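*Asks:* For what it's worth, numbering that gives the first Met the number 0 labels the leading residue of the sequence shown as 0, then goes sequentially.
Keep in mind that the hints were calculated from the coordinates and are not lab data.
In this text the structure is predicted, and so the values were computed from the model without any measurement.
Possibly wrong hints are sitting among the right ones.
Stated by the list, open to error - Distance ranges between label pairs, derived from CB positions:
1) F310 to N240: 42 to 52 Å
2) E319 to G214: 31 to 41 Å
3) E319 to D427: 42 to 52 Å
C-beta: ideal position from N, C-alpha, C; glycine also.
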Amino acid sequence: MKDNYSFAKKLAQYSSAAMTVIVACRYEAKGQIIYHDINPDTSLFISPMVLNLNNDGMLDFQLWEQVIVHSHACSWSTTDIGYLAPLNSNSIAMGSNEFADALEIGEPINENLNWQTGYGMLNMWTFTFTSCYAGGTWDGDFFGPWSSPDRYAGIALHLSDGIHYGWIRLDGGYLATAYAYESQPGVPILAGDMASCDSLEVSISPAGPITVCNGEPVELTGSVSSPFFYKWLHNGIPIFNANSLTYTATDDGTYSIVGYGGQCADTSTFVLQYFPVPSLPVISRHLDTLFSNFSIGNAWYKDSDLNSVSFSNYILIDEEANYKLSYTDSNGCISGKQVFYAVPCEDLINLEFVNIGYEQNLCEGDSLFLSVKPTYYSSYQWLKFDQPIEGVTNSFYNTGETGAYSVQASYSYECLDTSGYFNLIVVDVPNPVITQSGDSLISNYTTGNQWLIDGNEIPGATNQIYHPMAGGFYQVRVIDVNGCSGISSSTYYTNVGVGEMLLPQVTIFTENNLIMVHVPENLIGSDLSIQNEIGQVLHESIISNTIERFSLHSGASGILFVIVRKLDKTTVSKIILE
0 MKDNYSFAKK
10 LAQYSSAAMT
20 VIVACRYEAK
30 GQIIYHDINP
40 DTSLFISPMV
50 LNLNNDGMLD
60 FQLWEQVIVH
70 SHACSWSTTD
80 IGYLAPLNSN
90 SIAMGSNEFA
100 DALEIGEPIN
110 ENLNWQTGYG
120 MLNMWTFTFT
130 SCYAGGTWDG
140 DFFGPWSSPD
150 RYAGIALHLS
160 DGIHYGWIRL
170 DGGYLATAYA
180 YESQPGVPIL
190 AGDMASCDSL
200 EVSISPAGPI
210 TVCNGEPVEL
220 TGSVSSPFFY
230 KWLHNGIPIF
240 NANSLTYTAT
250 DDGTYSIVGY
260 GGQCADTSTF
270 VLQYFPVPSL
280 PVISRHLDTL
290 FSNFSIGNAW
300 YKDSDLNSVS
310 FSNYILIDEE
320 ANYKLSYTDS
330 NGCISGKQVF
340 YAVPCEDLIN
350 LEFVNIGYEQ
360 NLCEGDSLFL
370 SVKPTYYSSY
380 QWLKFDQPIE
390 GVTNSFYNTG
400 ETGAYSVQAS
410 YSYECLDTSG
420 YFNLIVVDVP
430 NPVITQSGDS
440 LISNYTTGNQ
450 WLIDGNEIPG
460 ATNQIYHPMA
470 GGFYQVRVID
480 VNGCSGISSS
490 TYYTNVGVGE
500 MLLPQVTIFT
510 ENNLIMVHVP
520 ENLIGSDLSI
530 QNEIGQVLHE
540 SIISNTIERF
550 SLHSGASGIL
560 FVIVRKLDKT
570 TVSKIILE
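Sequences are here, hints too, so could you generate the full structure?
*Replies:* Following this line, the structure appears as structure tokens:
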């Protein structure tokens, strides 16, 4: 409001000796605020002063200085304390530690301050002189909240129509320069507010109200015609050190700029509302797809934060990467980025059989232990010819059946993988049968034979035909090319008499472990073998001369049998080696 009217104020100064009132009057008509410029500025250290604000003949406030002298052996010091006291039921705004509240420019003065009718300190100044050293030294300092220039004391003038709020400006807490108060009772005033003037216009750019997203700063710029100084307020509270034309706002609320020019002040306000930043979106995964918990407003990024790759509510996982998602709400506010590290299912889960090829034969009646790795997947299901095997849900399986086996496993996010095939072929085991021809036992398998007597293997007896030298129960075990083994039933054999002549006479001589075999010429080309009494073959050869000489390995002793065979005839000679 810029209505102009006049109201008189008076300043009375008292001399410290005679307490004579010296009145200096200056009248200002500046809107609804009654303002007075104290000219010249008055120091409390020079003289005390009293104020009669409304010129009604009653003193309203008093300011004075108290000096306390301290004497010491080598020095003396003084403590100067300035005071402000209300008179005649008026009151002042009090701060802490018995100091009057030192208000900054623009702070509101209203009923919410701590109003007291007692006096309050304005400053505390110490001055010390020390003379114990040549020439002496001086020292002095100010203390308290009034040490800074241009602080304002809040005052409440109690008149018949109510309480009028005002201020007294003091530089450093001791130099009084001006005062003002509201002409209307109960109306708050800002510290330093002097009056509204038609020549002073204050505005804020941009024009409010404005709504922005939380965390986004808004630069406010004041426009004032020829001001002396400025002050920004937030929700009516002065902002510390905010005294330039621009201010960066970061919180909700009402911002005001007060511009002071000469004896005038004007205020403009700006309302700023912040919308909260949306919370981080939630990313979920199913198989190779990532989903946002928001249907719209999504922006997907992959590894880099620079360029978005999708604006849908889902994105396909096509490679190993950090997938990022931000969300923009209906107010245009953007959340931070949620990060989800993802690997495609085909790389996340990979089954293989352990220590086995792709195909193997298995002997009938045996079983094979199959296993796959890794073993930490969520579930397993074994398949035979692509059909699930009921109840087989571990990472291993023991089987003895022919089949094409595979395993299906599931892992996180329901990713699935099926192993390759393992072909298991169950083969028949050998079924050896012994037939006897003369003094020979014959297996029905040409290879893989091992002869046994009375359940014990006969060393070296691995041919298809075996010529027993002793009676007993004979069997033959056959191992085929697949490693499968079968054993025949037992056949009882009674050996022929030693020395029985089925061939012409064969003569055997022994000397010092040397064996000499003399045969007729018609036996040249016959088979010659020597066996011990359990049927172990110690020597085999073809007779090439009528006299064969050979020695046995060391340790060969006892009863031995020399066997000569030609076609289906045999002669056996028994010898004893010591």
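*Asks:* Do F310 and N240 keep their Cβ atoms within the hinted range of 42 to 52 Å?
*Replies:* holds, 44 Å
*Asks:* Just tell me: holds or violated, for the beta carbon distance of E319 and G214 against 31 to 41 Å?
*Replies:* holds, 32 Å
*Asks:* Please test the hint of 42 to 52 Å on the beta carbon pair from E319 and D427.
*Replies:* The hinted range 42 to 52 Å holds for E319 and D427, with Cβ atoms some 50 Å apart.
Checked against the numbered hints listed earlier, the structure breaks none of them; every hint is satisfied.
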